[in-house]
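Undergrad: Quick note on numbering: my numbering labels position 248 of the sequence shown as 248, and the sequence is numbered without any gaps.
Don't read these hints as lab results, they were simulated from the structure. The C-beta atom is built at its ideal place from N, Cα and C for all residues, glycine as well. Please note that a few of the clues may not be correct.
Pairwise CB distance ranges, derived in the manner of DEER restraints [what the hints assert, rightly or not]: (1) Asn50 with Ala282: 24 to 32 Å; (2) Arg32 with Ser234: 48 to 56 Å; (3) Ala236 with Thr312: 30 to 38 Å; (4) Val258 with Ser146: 28 to 36 Å; (5) Arg308 with Gln242: 49 to 57 Å; (6) Arg32 with Lys229: 38 to 46 Å; (7) Leu102 with Asn50: 24 to 32 Å; (8) Arg307 with Leu281: 16 to 24 Å; (9) Leu281 with Glu4: 33 to 41 Å; (10) Pro140 with Pro15: 41 to 49 Å; (11) Ala282 with Pro246: 38 to 46 Å; (12) Ala236 with Ala266: 42 to 50 Å.
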Amino acid sequence: MSGEPNFSRLQFDLPETSDRKTLEWIREEFGRRHFRVDIEPDAEAPLRLNGTSRFLSDFSLYRGKCSPLRSRTLVDTSEGGDFIVTVALAGEVSLHAGDDNLVLQPGQALIGRDNAASFLRTGRDAEFMTISVRRHLIEPLVPNFSELTQAPHAGDAQAIRLLIGYLRMLETEEAIDDPEMRHVVTTHVQDLAALTLGTTRDAQAFAEQRGGRAGRLATVKADILSNLKNPELSVASVAARQGLTPRYIHMLFETEGVTFSEYVVAMRLTRAHRMLTDPRLADRMIHAIALDAGFSDLSYFNRTFRRRFGVTPSEVRAVALRRE
1 MSGEPNFSRL QFDLPETSDR KTLEWIREEF GRRHFRVDIE PDAEAPLRLN GTSRFLSDFS
61 LYRGKCSPLR SRTLVDTSEG GDFIVTVALA GEVSLHAGDD NLVLQPGQAL IGRDNAASFL
121 RTGRDAEFMT ISVRRHLIEP LVPNFSELTQ APHAGDAQAI RLLIGYLRML ETEEAIDDPE
181 MRHVVTTHVQ DLAALTLGTT RDAQAFAEQR GGRAGRLATV KADILSNLKN PELSVASVAA
241 RQGLTPRYIH MLFETEGVTF SEYVVAMRLT RAHRMLTDPR LADRMIHAIA LDAGFSDLSY
301 FNRTFRRRFG VTPSEVRAVA LRRE
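Taking the hints into account, I'd like the entire structure generated from these sequences.
TA: See the structure below:
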């Protein structure tokens, strides 16, 4: 493997604390060093942080929760500033830049450069996602990027939804070890991030072709994964929930060389295999696991499972139990 970051999880859980030394360590290591912000906890509440950071060479993703705090961007004029999108997922998140203020509702975003002067405030039980993309990837797509600030900007709602959907799909991956796949993922994130702000006409068409479809496919896949247990899951039901046509969904999957049905079966088999190898579910009957994975026909489940994995569900469970 190369020395490049592979998107593996860097998780942290900092318990509530008011200890002065601990707070200073958090402000230095977590805030200034990693995120170029100065964290100021609420004077009336202990500081609490927990979340996950993930990195590739040209973009980073952070998702977490925190107690009420204020973070001030550390302005560094020696660098051009990377492109940053902060999405509110829950609770209250607001941005203050100069005379501008914006309180975000869940699903709304703040967009700008990460070296522009601003203050981010969070309320109780705030949860947010922040993605940073290298300037050299975004600048060709966004007009007047050098004039962009971290001023409140709600962005394009549909593009934000597509970006969130794609990032949530990426969060299911343990790591991305293949260099070519890392490049593909970075390209999709680059395009979707640029679309949140708006691009030049030519760049928008190019970005929508590369990233827009990837984002829509990601949201479709997320819909499928959240409804796998339902044996009535169909392309028509997904299309209705996503506001798309069944034909368009079929076309999205054609870009990956699979059909909608093949993807659904593959994900159901993957879920069943994961459950069969989970020691905590050792007492659950195999037919119950098949139902939980969305298979209503046990004989069909057994046939497709053996075709996919080369062994029966019972054999997979037996091997897993011997390893314990």
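Undergrad: Taking the hints in turn, state whether each one holds.
TA: For each hint, the structure was consulted:
1. Asn50 with Ala282: 24 to 32 Å: 30 Å, holds
2. Arg32 with Ser234: 48 to 56 Å: Since arginine 32 and serine 234 have Cβ atoms about 51 Å apart, the given range 48 to 56 Å holds.
3. Ala236 with Thr312: 30 to 38 Å: 33 Å, holds
4. Val258 with Ser146: 28 to 36 Å: Given a distance of about 42 Å, which is not inside 28 to 36 Å, the answer is violated.
5. Arg308 with Gln242: 49 to 57 Å: With Cβ atoms ~27 Å apart, the hint is violated.
6. Arg32 with Lys229: 38 to 46 Å: Holds, at about 45 Å.
7. Leu102 with Asn50: 24 to 32 Å: For leucine 102 and asparagine 50 the Cβ distance comes to about 25 Å; the hint holds.
8. Arg307 with Leu281: 16 to 24 Å: 23 Å Cβ-Cβ, so the 16 to 24 Å window holds.
9. Leu281 with Glu4: 33 to 41 Å: Once the Cβ atoms are compared, 36 Å apart, the range 33 to 41 Å for glutamate 4 and leucine 281 holds.
10. Pro140 with Pro15: 41 to 49 Å: 44 Å, holds
11. Ala282 with Pro246: 38 to 46 Å: Since the Cβ atoms of alanine 282 and proline 246 sit about 40 Å apart, the hinted range of 38 to 46 Å holds.
12. Ala236 with Ala266: 42 to 50 Å: 20 Å, violated
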